[in-house]
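Trainee: What follows is each chain in one-letter form.
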Amino acid sequence: MRAIYLIARREYLSYVATWGFWLSLASVPLFMLVGAAIPALVQSAQPVRHYVIIDETGTGLDGAIQRFIEREGREQTRAALEAAALVSADAQTRERALAAFDADPLGQEGLDEALAILGMSGNAEMFDAPGGRLIRLDAPARTIDGLRPYLTGERRVATPEGSRSVFAAIFISREAGAELPLITYYSTNVTEQALAGAARRALREHVREEALAARGLDPAEIRALSSLEPEMRNLNPATVDDSEVGAADWAPFIVAVILAIMLWTAIFSVANMLLTSLIEEKGGKIIELLLSTVRVRDLLVGKLLGVAAVSFTLFAVWGLIGTIVLMIAGTFLQGIDPEIASFIAEAVQPGLFLAALGYFVVGYLMYGAIFLALGSLCETLHDAQTLMSPLILVLMLPLMILVFAMRSIDSLAVQIVSWVPIWTPFIMIARLPSEPPLWEIAGTTAVMLVTLILVLWGAASVFQQGALGHANADSVKRVFSRRKPVQDQE
Amino acid sequence: MMTSPALDVEGLAKTFSGFPAVRNVSFSVPAGSITGFLGPNGAGKTTTLRMALGIIRPDAGQALLFGQPPTVRALDRVGFLPEERGVYRKMTAEQVIALFARLKGMTAGDARNRAREALERFGLGASAGKKVKELSKGMAQKVQIIAAIIHEPDFIILDEPFSGLDPVNQAMLEEVILEQAAAGRTILFSTHVMAQAERICDRIVLMTRGQKVFDGKVDEALAVVPRLVTIGVDSPDDISALLARFGEVSQSGNDPDGAFLWQVALNAGIDPQHVLRACVEAGVRLTRFEPVRPHLHDAFVRLVSAGDPLQPAGGQ
Chain A
1 MRAIYLIARR EYLSYVATWG FWLSLASVPL FMLVGAAIPA LVQSAQPVRH
51 YVIIDETGTG LDGAIQRFIE REGREQTRAA LEAAALVSAD AQTRERALAA
101 FDADPLGQEG LDEALAILGM SGNAEMFDAP GGRLIRLDAP ARTIDGLRPY
151 LTGERRVATP EGSRSVFAAI FISREAGAEL PLITYYSTNV TEQALAGAAR
201 RALREHVREE ALAARGLDPA EIRALSSLEP EMRNLNPATV DDSEVGAADW
251 APFIVAVILA IMLWTAIFSV ANMLLTSLIE EKGGKIIELL LSTVRVRDLL
301 VGKLLGVAAV SFTLFAVWGL IGTIVLMIAG TFLQGIDPEI ASFIAEAVQP
351 GLFLAALGYF VVGYLMYGAI FLALGSLCET LHDAQTLMSP LILVLMLPLM
401 ILVFAMRSID SLAVQIVSWV PIWTPFIMIA RLPSEPPLWE IAGTTAVMLV
451 TLILVLWGAA SVFQQGALGH ANADSVKRVF SRRKPVQDQE
Chain B
491 MMTSPALDVE GLAKTFSGFP AVRNVSFSVP AGSITGFLGP NGAGKTTTLR
541 MALGIIRPDA GQALLFGQPP TVRALDRVGF LPEERGVYRK MTAEQVIALF
591 ARLKGMTAGD ARNRAREALE RFGLGASAGK KVKELSKGMA QKVQIIAAII
641 HEPDFIILDE PFSGLDPVNQ AMLEEVILEQ AAAGRTILFS THVMAQAERI
691 CDRIVLMTRG QKVFDGKVDE ALAVVPRLVT IGVDSPDDIS ALLARFGEVS
741 QSGNDPDGAF LWQVALNAGI DPQHVLRACV EAGVRLTRFE PVRPHLHDAF
791 VRLVSAGDPL QPAGGQ
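Protein chains in written order, with the numbering used here: chain A, 1 to 490; chain B, 491 to 806.
Don't read these hints as lab results, they were simulated from the structure.
Any given hint might turn out to be false.
Going by beta-carbon spacing under 10 Å, a handful of chain A positions derived as facing chain B [what the hints assert, rightly or not]: (1) L6; (2) I7; (3) R10; (4) V16; (5) T18; (6) R215; (7) N272; (8) T276; (9) E281; (10) G283; (11) E288; (12) L289; (13) Q465.
A virtual CB, placed ideally from N, CA and C, is assigned to each residue, including glycine.
Make the full structure from the sequences, and use the hints.
Mentor: Spelled out as structure tokens, the structure:
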């Protein structure tokens, strides 16, 4: 035990007592923060886009599209403003800000005033609709040939704010005999389709309204008919009360899949740490000295425990940060958006986290031991990569299964692969919220634990041979190529 | 009272992928002795030592440390310096030594204090807090040696301890070995440096091709090599008939002064004084008479090239 403790301690300190460890520890929450901020950053970085509409039908369809785009943009801006006001202001200030916005239905001043009331002046671009602000310009030409230099950026259109390039041109025509207008959309940007989509929706709404009006309905009736929506109640018969299925009911399933993916990432990263450390140790020729002092199983277990302690330190710090963030977010969102608050409350499943911890320990020991055994056969990281490639493919499979089976986590195929012991930790954790039968949980766990014992025993034997140079990467290749063995010498 | 040998190996054998690395090797290392473990590359020395320490399991035979199997408890009384040496490069010299001291059963406080004292004694006091990667190769080698003996083991096993050391560090290590032996510790070391083995060892065990070919005292090993006598005379007369009864005679040219040189490989039991007396009585005008003491190197070459197991009289 003394030797195991000392080996584990050395292994633990070799990671934890470095700047790199604490930097990587801090970097994950930092990257998550940046990752969460990316959509907002991308949104705020969206440029103002200018477009032109050529209505060849002469029936005012260009005006309908422009009005629709402005209305849609305004609705999105109002929703964003309302969300920001909910988070940052009391009810009275919120009402004043929204009233200021609504008081200026056409211009930018209303938004500026609302933001000033909320104390967020200067952030107007953050409230633009996805895809950025869309501004219509007077067309500098009426044909695509005439507009092409403007669309390709060779020429620019003069506006009161300065010269601007044209992002897109929308042509509306009506072919002879056709009942509906045709939209032809030109833009060099083939990925940003927000404007094209808006134009299509605008004309669809317009032609439907025209058709309904032609059948004698007045605009108010049309609006009333368009807003008709059947009521739907989504219930789970397993629940005792008659509460509807909502986002919160999905939370455990989503969390379980996220946990499975995190489990996979953690085990893979930590096993890699073991591998790298062992190869460094082999390169430094320390193994034999250690083996003259401690037994090979103590060395193996000590290394596994040391790196496990490293990962538990990571989980503890991240878990603490995550819990604090969730607690603050839950309390904060309770008054603002009870649905998100209840989603967060449902996401925190102590049983699921405990199971994840158990699966992590078994999965880590299993893969860690395999990585250590294979690492003992390698002299360099390059050797290790060659040997690890098949193992990494095997490790990837449960991840792929999880991605494809996310919506049918209880399918027969997923149930079968749960019994593959090296995949059990990842698949079963994802299946737990769907409450698989107890015998299945117990059975897969038993098979997994027996496999763990066999893997540890086999890994120790390979490790002993590999660590002392009696077996190497070539030995493995020979096993698979079935070539005549080459004599190993002292 | 009988003291059990520090190491007693009996019929050890080990085969790797069909290749017999060690074949039926038996020998003992008496407590308090300095034993040289000699043999050419691939002779099976390292494999034998690994089996003796329980690092690898023998296919046959057994190794006993202090009369018991090589358990962790027995290993705590052993200090081992492997042939392929290394220490944790990112740890400080003191941390490395203290770690190995603790692995050998010392308390954290004792290990630290002992590490500091040892570093001072080896002239590395100022480098105690430096990481091993910042030390010179010679300093790092000293750290490795200290780590092997820091727990004051009863039995010290050194596998090729002189390889890779510069002459200064070789002399230092030789001094350490003698010092440890003087303190009553048993030493077993494998080496290719015959001069050192001859200077330091009481006994030698010689292996070749996986087998033991000699096990005994150094003098006994030297006895297997014929002693040479070089004789210089001032006349070209043939004296081979006079010398032939003492051993194998050969003429070996002239020395720089023009003397005619003869060499006699003495038969067993012949004293060089007998040759001298015969020359004087025959009136041979000697300009030179030089008994050449045989060296362990010669014994090593002879025993290894002979290949057959030889046992000196009274040896095992």
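Trainee: Using the nearest Cβ pair, does A/V16 come within less than 10 Å of chain B?
Mentor: violated, 13 Å
Trainee: Let me know if the C-beta of A/T18 comes in closer than 10 Å to any C-beta of chain B, holds or violated.
Mentor: holds, 8 Å
Trainee: Have a go at the A/R10 hint: is there a Cβ in chain B nearer than 10 Å to its own Cβ?
Mentor: holds, 6 Å
Trainee: Please check whether A/L6 passes as an interface residue: C-beta within 10 Å of a C-beta belonging to chain B.
Mentor: Interface hint status for A/L6: holds (6 Å vs cutoff 10 Å).
Trainee: Taking the least C-beta to C-beta distance, is A/N272 closer than 10 Å to chain B?
Mentor: Hint violated; A/N272 Cβ to chain B Cβ min 18 Å, cut 10 Å.
Trainee: Can A/E288 be said to touch chain B, with a Cβ gap under 10 Å?
Mentor: holds, 4 Å
Trainee: Holds or violated: A/R215 as interface residue toward chain B, Cβ cutoff 10 Å?
Mentor: violated, 83 Å
Trainee: Any CB of chain B closer than 10 Å to the CB of A/G283?
Mentor: holds, 8 Å
Trainee: Mind checking the CB of A/T276 against every CB in chain B and telling me if the closest is under 10 Å?
Mentor: Check failed: Cβ of A/T276 comes no nearer than 13 Å to chain B, outside 10 Å.
Trainee: Using 10 Å as the Cβ threshold, decide whether A/L289 counts as touching chain B.
Mentor: Given a least distance of 6 Å, the restraint on A/L289 holds.
Trainee: Should the hint that A/E281 touches chain B count as held when the rule is a Cβ pair under 10 Å?
Mentor: Since chain B brings a Cβ to about 8 Å from A/E281, closer than 10 Å, the hint holds.
Trainee: With a cut-off of 10 Å on the beta carbons, see whether A/Q465 makes it to chain B.
Mentor: OK, holds: A/Q465 within 10 Å of chain B, min 9 Å.
Taken one by one, the earlier hints fail for this structure at numbers 4, 6, 7 and 8, listed in ascending order.
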